[in-house]
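Start from the sequences and build out the full structure, keeping to the hints where you can.
The listed protein sequences derive, respectively, from chains A and B. Under our numbering, the first residue of the first sequence carries the number 1, and numbering increases by one thereafter. Under our numbering, the first residue of the second sequence carries the number 1, and numbering increases by one thereafter.
Rather than coming from a laboratory, the hints here were simulated on the basis of the structure. Glycine included, every Cβ here is placed at the ideal spot set by N, Cα and C. Heads up, a few of these hints could be off.
As the list claims (entries may be wrong) - With a straight-line Cα cutoff of 25 Å, these simulated DSS-like cross-link-like pairs (lysine-lysine) come out:
| # | chain 1 | residue 1 | chain 2 | residue 2 |
| --- | --- | --- | --- | --- |
| 1 | B | Lys156 | A | Lys61 |
| 2 | B | Lys102 | A | Lys156 |
| 3 | A | Lys156 | B | Lys156 |
| 4 | A | Lys30 | A | Lys156 |
| 5 | B | Lys10 | A | Lys156 |
| 6 | A | Lys120 | B | Lys120 |
Said to hold, decoys possible - Residues of chain B placed beyond 10 Å of chain A at every Cβ, according to the derived structure:
| # | residue |
| --- | --- |
| 7 | Phe26 |
| 8 | Gly39 |
| 9 | Ser91 |
Number of protein chains: 2
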Amino acid sequence: MYFETIQQMKKMLGQLDKWLDAAAAFAQKKSFDPNVFVGLRLAPDQFPFARQVQSTCDTVKLAAARLAGKAPPAHPDTEQTLDELHARVRSVIAYLDGFTAKDFEGAATRVITQPRWEGKVMTGADYFMEHAVPNFFFHVTHAYAILRHNGVEVGKRDYLGALSLRAP
Amino acid sequence: MYFETIQQMKKMLGQLDKWLDAAAAFAQKKSFDPNVFVGLRLAPDQFPFARQVQSTCDTVKLAAARLAGKAPPAHPDTEQTLDELHARVRSVIAYLDGFTAKDFEGAATRVITQPRWEGKVMTGADYFMEHAVPNFFFHVTHAYAILRHNGVEVGKRDYLGALSLRAP
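This is the structure:
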């Protein structure tokens, strides 16, 4: 399930990439600088759009790397334009393309930690379910909600993307 | 993984239940009717808070029922107060308490459909990963974001809840 869930997250990064296009199109239609979106936020003490995108990217990148026991690539969080956010999202999609189901064998029992946990650890299974999955969707949904709140024409289909519907 | 993920969703319903308390406390502090929250939304053509809570509840209720081949309990979406939303959330938590891992044996290959798909179907595996999981987090995060946007004092810890941190 780690691989399958990370594949789903990769799909959602692809959707996020399209929302960036929708934001740029909306800015062009309304004749304002599309990079205004980078600093928009839903509350003054909440992360702005760029940081929501960066956190979305980091959550899945770090989850894949940690659960597979690999060193993640560095991203210094310097993006200040929609084009730079496009590049960030696409670089993480490309990174995730390099994983296979086999990379996640033994992921459930790996010991995961991060500086914020002050020496405590989580199992890979707990970390993924309690931390990585809810955080990923928290940030990707906030990125969507910031755009939606500010008039960008995105809807639930743009959020979910194509579904594997088939004939009965 | 179906059972484990639905357990995580149940945990998040418990967090949502606490956000309702935080919303009521904020309304009391600011001396306004707490039920104002029920109709707030992030965009004029997006679901209001009550519908975000109802959709959160329905997404996990229907996922559990469909994947286990059970008939879900009906909820007529009549909630108009925070107290009624509390009751809705708690009734779904109680419903989910009745499931065990064994209920989800064979869930991956079940044939799932709903009226909106116009006769098409999805496998249980695809439905869960592509539809139920992203939709659940979409609506629960929007419920959070509407409160946060309107000043309610909730933060990331209130979103995630307690983590299974342990000594190394």
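Results of checking the hints against the structure:
no.: 1; hint: B:Lys156 with A:Lys61; verdict: holds (20 Å)
no.: 2; hint: B:Lys102 with A:Lys156; verdict: violated (32 Å)
no.: 3; hint: A:Lys156 with B:Lys156; verdict: holds (24 Å)
no.: 4; hint: A:Lys30 with A:Lys156; verdict: holds (23 Å)
no.: 5; hint: B:Lys10 with A:Lys156; verdict: holds (23 Å)
no.: 6; hint: A:Lys120 with B:Lys120; verdict: violated (47 Å)
no.: 7; hint: Phe26; verdict: holds (13 Å)
no.: 8; hint: Gly39; verdict: holds (16 Å)
no.: 9; hint: Ser91; verdict: holds (22 Å)
Checked against the numbered hints given earlier, the structure breaks hints 2, 6 and satisfies all the rest.
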